[in-house]
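This is what each chain is made of:
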Amino acid sequence: MSLLEVRGLKVHFPIKKGIVLERTVGAVRAVDGVDLTVEKGTTLGIVGESGCGKSTLGRAVLQLEPVTAGTVVFDGEDLGALKGAALRRMRRRMQMVFQDPLASLDPRQSVSSVLTEPLRTHGEKGPFDKRVRELLDLVGLPATAANRYPHEFSGGQRQRIGIARAISLNPELIIADEPVSALDVSIQAQVVNLLEELQQRLGLTYLVIAHDLAVVRHISDDIAVMYLGAVVEVAPSDDLYEAPLHPYTIALLSAIPIPDPEVEDRRERVLLRGDLPSAADPPSGCRFHTRCPFRQPTRCSDEVPELRVLEAFPGHQVACHWAEQVHSGELQPAQGSVAEPVEASAGPTPSGPAAPPDGLGLVLP
Amino acid sequence: MTTATTPRDAVPGQLAGEPLLKVRDLTVTFASRGRRAVRAVDGIDLDVAAGSTVGIVGESGSGKSVTSLAALGLLGKRGVQISGSVHFDGADLLNMPDDELRAVRGKEIAMIFQDPMSSLNPVLTIGRQITEILVRHRGLSKQEARDEAASLLQSVGIGDSVRRLRSFPHQLSGGMRQRVMIAMALACAPRLLIADEPTTALDVTISAQILELLRTLVAETQTALVLITHDLGVVAGLCDTVHVMYSGRIVESAPRRPLFAAPEHPYTNGLLASVPRLDQPRGIPLLPIPGSPSDTLPWAQGCAFSPRCTRREDDCLGGPPPLAPVGHPAHLLRCMHPVPTGERRV
Ligand SMILES: Nc1ncnc2c1ncn2[C@@H]1O[C@H](COP(=O)(O)OP(=O)(O)O)[C@@H](O)[C@H]1O
Ligand SMILES: Nc1ncnc2c1ncn2[C@@H]1O[C@H](COP(=O)(O)OP(=O)(O)O)[C@@H](O)[C@H]1O
Ligand code: SF4
Ligand SMILES: [Mg+2]
Ligand SMILES: [Mg+2]
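From first to last, the protein sequence lines stand for chains A and B.
All residue numbers for the first sequence refer to this note's numbering, where the first residue is 24 and numbers rise by one.
All residue numbers for the second sequence refer to this note's numbering, where the first residue is 4 and numbers rise by one.
Just chain A, with the same shape it has in the complex (with noise of 0.2 Å):
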C-alpha cells in the first residue's frame, strides 16, 4: 500500500462579489482533479509554473485548505472524514518545510523553542535538550545554535533549522513546498544534499514542491507536472528528459537553461505562446490547447484528456491526446514556434540570423 493516495483532488476558491450581500461569482480552481501516489521511502516532486496550484495541492493534503472535492488517504486512513484528535493524531506524521521557515515566527524565540515548539504542541513534556542537540546534528548544526536567534543565522542554516522543526516530531511524510528557491545558488546544493541524507537516515516520504525542474529531477524518484491546475504529466525522474510526453513538459524542458554553451548552442527551444490563462476560468477541452506547440484542429478544444499510460512507457502517465504523434515526430510543432539552436545560425551568414519565432518580427527604428 502507498504512504499517500490522492484521488480526484479538487481545490476551488470561491470569487465574493458584493459588500453587504456577498455572492459567489466564480471559483479559482487552484486544484482541478488531481490523483498522486507516493510510496513509502520516496520522493515525489511536483513542478510547474507559479500559480498552478503547487502550493495549494500540499496544503489540501494536510487539510490545510477546504478540499472540495476528492480523497487524500494517509497510510491508509482518508483524512477528510478525520476530526479533531485523531487528525492531529494524523498530522504530526506529516510535517512540512517551506521557503523560509522563519519568516513567520516570532523573532525572540531562541531556536531550541522553536524547534521544540511542534513537541509541546502536541503535548509532550520536557526537558528537550538531548531532543535539540540531537535534531541540530542531525541537520548539521552546531549545538551552540540552541541558544541563539533566526536571524543571526544565513539563508541555508535558516533552512536547516526549519527542516530540524519539521523532523522533531518524527514524521513519516515531508512536505517541502519551495525549500530551497530563496536561497544562491552556491547554498541549494547544501540544502538538497541534506534532505537526501535525512531521508536515507530516517527512512522519509516526500513531496518535493518546486518550480526549479533540475533541483525537483534531482531529488525526486517521480515527478508530476502541474499545469493550471492539472497533473498533465506523471514520469519517473530518469525518463523524463530523455522521454517527455507532455507538449507542455517538452517546452518546460526546452526553456531550462544548461550551463554548457555547447549543448545550448545546440538545443531547439520550443516556446510557448502568451502567458498562463486564469485559473478562475481555464480553456475547454486541454486546457493546455491556447498555449500548445502541437495543438491539432480536433479534439484539443473540447475533449478534454485523461491521465493514461502508453503502450511503450509504462510506469508513465500523460493528458495529452496526441502524445504518441508528438513523441514519434510525426507531429511538429506549430511554425514559429521553434527557436533554431544558435549554431545553425552562427556567424555572419549571408542569410543573416534565423528568423524569429512568431510575434518577434522585427520592425525597429
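If a hint is listed, it holds; no wrong ones were tucked in.
Below 25 Å or equal to it, Euclidean Cα-Cα: the simulated SDA-like pairs (lysine to any residue) are:
{"hint": "1", "chain 1": "A", "residue 1": "K63", "chain 2": "A", "residue 2": "E88"}
{"hint": "2", "chain 1": "A", "residue 1": "K63", "chain 2": "B", "residue 2": "P288"}
{"hint": "3", "chain 1": "A", "residue 1": "K153", "chain 2": "A", "residue 2": "E219"}
{"hint": "4", "chain 1": "A", "residue 1": "K40", "chain 2": "B", "residue 2": "L175"}
{"hint": "5", "chain 1": "A", "residue 1": "K39", "chain 2": "B", "residue 2": "S176"}
{"hint": "6", "chain 1": "A", "residue 1": "K148", "chain 2": "A", "residue 2": "A166"}
{"hint": "7", "chain 1": "A", "residue 1": "K40", "chain 2": "B", "residue 2": "Q174"}
{"hint": "8", "chain 1": "A", "residue 1": "K33", "chain 2": "A", "residue 2": "E329"}
{"hint": "9", "chain 1": "B", "residue 1": "K110", "chain 2": "B", "residue 2": "R27"}
{"hint": "10", "chain 1": "A", "residue 1": "K39", "chain 2": "A", "residue 2": "A303"}
{"hint": "11", "chain 1": "A", "residue 1": "K39", "chain 2": "B", "residue 2": "L175"}
{"hint": "12", "chain 1": "A", "residue 1": "K63", "chain 2": "B", "residue 2": "G286"}
{"hint": "13", "chain 1": "B", "residue 1": "K80", "chain 2": "B", "residue 2": "D118"}
{"hint": "14", "chain 1": "A", "residue 1": "K39", "chain 2": "B", "residue 2": "Q174"}
Computed list of chain A residues with no C-beta within reach of chain B, every gap over 10 Å:
{"hint": "15", "residue": "H145"}
{"hint": "16", "residue": "G146"}
{"hint": "17", "residue": "H174"}
{"hint": "18", "residue": "H339"}
Everything labelled a hint here was simulated from the structure, so no lab data went into it.
We treat Cβ as the ideally placed atom computed from N, Cα and C, and that holds for glycine.
Since chain A is already given, all that's left is putting chain B with the ligands on it; use the hints.
Coordinates of chain B with the ligands only, in the frame set by chain A:
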C-alpha cells in the same frame, strides 16, 4: 584586459579599436554616517565591444547591480564614493554634466531591470510612456510616435498592440511588462542595453521567451548587451564573454566556451558543481560550496573567497591575488591555486 571581438561590424563614429564601453578600476564605497563603510565594487575593469554580449554573473550581493548603476551615474551622490573611469564611445561618463549624462542614458544606453514595475509609471498608459520617449528623444510627432509605439510592441511580441497601448502597467502580466520595458529600451535604438536580472522574476517558459527576444534583438540591431544574472545557464547560451564576480571583484573572465569548458577559479567551478544539470544523469552528486556568501574576507587581506575555498593555502592570505591571464590571453583569473583539469566540473 581585452574582450573577444565579435565578427560584427564596427559602429560608425566609434574610435577604432576602442570598446564601446570601457570601465577601468571602478570602485564604489557606500559610507553613510554611523555605519561601517561597504566597498561594494572593488576595482572592476570591463570592456564591451559594439554589438557584443557580455555577461556578469555572481551571487546576490556580489556587486553586479552596483557596477552598472555606478557606471551610468545612477547611484546618487550622497554616501557614495566612486572612483575609476567609465568611458562610453570615448566620452567620460563619470565626469559628465548631469543633463548630458541623462541624454546619453535616454538615447544611447538603455537599462532594464528585474522588476519592470519599478521603472514604469503606474498611473500612465504604456502607450503614453512609450510615445513620450519617442517624442522627446526622436522628435516624432504625436501621431508618428503612436504608430511607432504600436510597431515597437509588435516587435517585442505583444499582439493586438494598438489596444495594448491603452493598458496600464498593472493590467499586464510580468512577462508582458518586461516586453514593454524592452520595447521602451529599444525605442531610441540604443547602442548599449544593460539588462539586470531581466528574467529572474519570471517563470521559466516566459523567461525563455524574453531571452529569445533579447537574443534576436541584439543580433538584428547590433545593440551591445550587458546581461547581469545569477544564472550560469542563461549566460552560457547568450554571452560572448562572461565575467564572474565575487565580493565586488571579477574573479574570472573568459569567452563563454573556455569559461564553461575549463572553469579555473574554485568559485566558478564550485558554482557549476553545485547545480544539477538536466542533461546529465540524475545520480551525479551535487558538490556544494561550503559556508555562505557572507563568510568573506576583505580583499586587502587576501582572497575574499578563501574562507569557503577547498583549495586555499597560506599564500591565498597575502593580499588580493592579481587578475592575470591563464592560457588564452582573454581568459583572466584571480586565484593562486586554479582548479586542475582532473577536478573540474564540466
Ligand atoms: N486562499 C486563496 N484564495 C483564493 N485564491 C487562491 C488562494 N490561494 C491560492 N489561490 C489561487 O490559486 C491558484 C494556485 O495558487 P498556488 O497553489 O499558490 O500556486 P503555486 O504554488 O503553484 O504558485 C492561483 O491562481 C492563486 O491565485
Ligand atoms: N545603497 C546602498 N547602500 C549601502 N550598501 C549597498 C547599497 N546598494 C548596494 N549595497 C551593497 O553593495 C553590495 C553589492 O550589491 P549589489 O550590486 O546590489 O549586488 P548584486 O546585484 O550582485 O546582487 C551588497 O553588499 C549590498 O548590500
Ligand atoms: S585564491 Fe586560493 S582561496 Fe581564493 S579561490 Fe583561489 S585557491 Fe581558493
Ligand atoms: Mg507556491
Ligand atoms: Mg542585483
